[in-house]
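Note that full-length UniProt numbering has the sequence shown beginning at 1, numbered continuously upward.
Hints were generated in silico from the structure; no laboratory data involved. Just so it is clear, the structure is predicted and the values come from calculations on it, not from any experiment. A virtual CB, placed ideally from N, CA and C, is assigned to each residue, including glycine. Some hints could be false.
[Said to hold, decoys possible] In the DSS-like style, the derived pairs of lysine-lysine whose C-alpha atoms are separated by at most 25 angstroms in a straight line are:
id: 1; residue 1: Lys202; residue 2: Lys223
id: 2; residue 1: Lys9; residue 2: Lys114
id: 3; residue 1: Lys240; residue 2: Lys173
id: 4; residue 1: Lys221; residue 2: Lys207
id: 5; residue 1: Lys46; residue 2: Lys94
id: 6; residue 1: Lys157; residue 2: Lys94
id: 7; residue 1: Lys173; residue 2: Lys108
id: 8; residue 1: Lys221; residue 2: Lys232
id: 9; residue 1: Lys202; residue 2: Lys173
id: 10; residue 1: Lys202; residue 2: Lys88
id: 11; residue 1: Lys173; residue 2: Lys114
id: 12; residue 1: Lys108; residue 2: Lys88
id: 13; residue 1: Lys173; residue 2: Lys221
id: 14; residue 1: Lys173; residue 2: Lys229
id: 15; residue 1: Lys182; residue 2: Lys202
id: 16; residue 1: Lys157; residue 2: Lys182
id: 17; residue 1: Lys223; residue 2: Lys213
id: 18; residue 1: Lys114; residue 2: Lys158
id: 19; residue 1: Lys232; residue 2: Lys202
[Unchecked claim] Using C-beta positions, here's what the derived DEER-type ranges look like:
id: 20; residue 1: Gln23; residue 2: Glu225; range: 16 to 22 angstroms
id: 21; residue 1: Arg194; residue 2: Pro25; range: 25 to 31 angstroms
id: 22; residue 1: Arg243; residue 2: Tyr168; range: 26 to 32 angstroms
id: 23; residue 1: Thr85; residue 2: Arg11; range: 36 to 42 angstroms
id: 24; residue 1: Phe58; residue 2: Gly166; range: 41 to 47 angstroms
id: 25; residue 1: Tyr168; residue 2: Asp195; range: 45 to 51 angstroms
id: 26; residue 1: Glu5; residue 2: Asp164; range: 17 to 23 angstroms
id: 27; residue 1: Pro95; residue 2: Glu236; range: 46 to 52 angstroms
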Amino acid sequence: MNHSEIRRKERLAEVREFAEENQIPVQNIQLLNTALTHTSYANEHKNEVIHDNERLEFLGDAVLDLVVGEYLFLRFPSWPEGELTRAKASAVCKPACAECAAKFQVGKYMRLGKGEELSGGRTRISILGDAFEAVIGAIYLDNNYEVAARFILGHLKKFLDLIDQGDYDHDYKSDLQELAQKHGDVDIRYDVVRDEGPDHDKTIWMKIMINGKDFGTGVGKNKKEAAQKAAKEAIERIHKGERF
């Protein structure tokens, strides 16, 4: 047995260890091996037949979107499309996927090129997030939708729980715009009323006016945060019956 054959067997043993540690059912171990192979590694071994995880990442991204979209659709039957879209984005964003991947040690088992290895690729958010999606793609192809869905919902539980609690990145400005448009044409203005502190630690007060009427103030570390809080206050006042 030559060196490359020995290394191949050792590598597949590592991937089986990864699958066992994370209770991933495996029929075709090579699919999971590919999911854990970064393009930088494949590029450095062009003399070998090595596939990177980009195609599996593409598939896994689609499966991830479907599973989380289905979960939210059933879980929140009264939510409009815009709110469902924002909630899904918070759960499937790259940082969330990377956090999941880090928890089950994807970085430890990734095959990376030397450059990526030396530059901290094993902990890089983009690489971990992409690998999480690639693993999903491999699980889906190797098993079925139900197995992939259980894997996804189990690992994303923290982020789905945050959505349940309403603790995620709502776009209150868009929510307000949709709500206000139900009453016809409206003029919504956001104005900075004051700011305090140095540039690196500034606090901003933002007032919101709807058709010339003061509908609240938001305070934040930047204009975006202050505007979102002002819009949230305006929504709450509208829901309590205040007219503009």
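Okay, the hints, checked on the actual structure:
no. : hint                                 : result
1   : Lys202 to Lys223                     : holds, 10 angstroms
2   : Lys9 to Lys114                       : holds, 21 angstroms
3   : Lys240 to Lys173                     : holds, 18 angstroms
4   : Lys221 to Lys207                     : holds, 14 angstroms
5   : Lys46 to Lys94                       : violated, 28 angstroms
6   : Lys157 to Lys94                      : holds, 16 angstroms
7   : Lys173 to Lys108                     : violated, 41 angstroms
8   : Lys221 to Lys232                     : holds, 16 angstroms
9   : Lys202 to Lys173                     : holds, 22 angstroms
10  : Lys202 to Lys88                      : violated, 31 angstroms
11  : Lys173 to Lys114                     : violated, 45 angstroms
12  : Lys108 to Lys88                      : violated, 28 angstroms
13  : Lys173 to Lys221                     : holds, 17 angstroms
14  : Lys173 to Lys229                     : holds, 9 angstroms
15  : Lys182 to Lys202                     : violated, 35 angstroms
16  : Lys157 to Lys182                     : violated, 35 angstroms
17  : Lys223 to Lys213                     : holds, 20 angstroms
18  : Lys114 to Lys158                     : violated, 33 angstroms
19  : Lys232 to Lys202                     : holds, 21 angstroms
20  : Gln23 to Glu225: 16 to 22 angstroms  : violated, 40 angstroms
21  : Arg194 to Pro25: 25 to 31 angstroms  : violated, 59 angstroms
22  : Arg243 to Tyr168: 26 to 32 angstroms : holds, 30 angstroms
23  : Thr85 to Arg11: 36 to 42 angstroms   : holds, 40 angstroms
24  : Phe58 to Gly166: 41 to 47 angstroms  : violated, 32 angstroms
25  : Tyr168 to Asp195: 45 to 51 angstroms : violated, 27 angstroms
26  : Glu5 to Asp164: 17 to 23 angstroms   : violated, 50 angstroms
27  : Pro95 to Glu236: 46 to 52 angstroms  : violated, 29 angstroms
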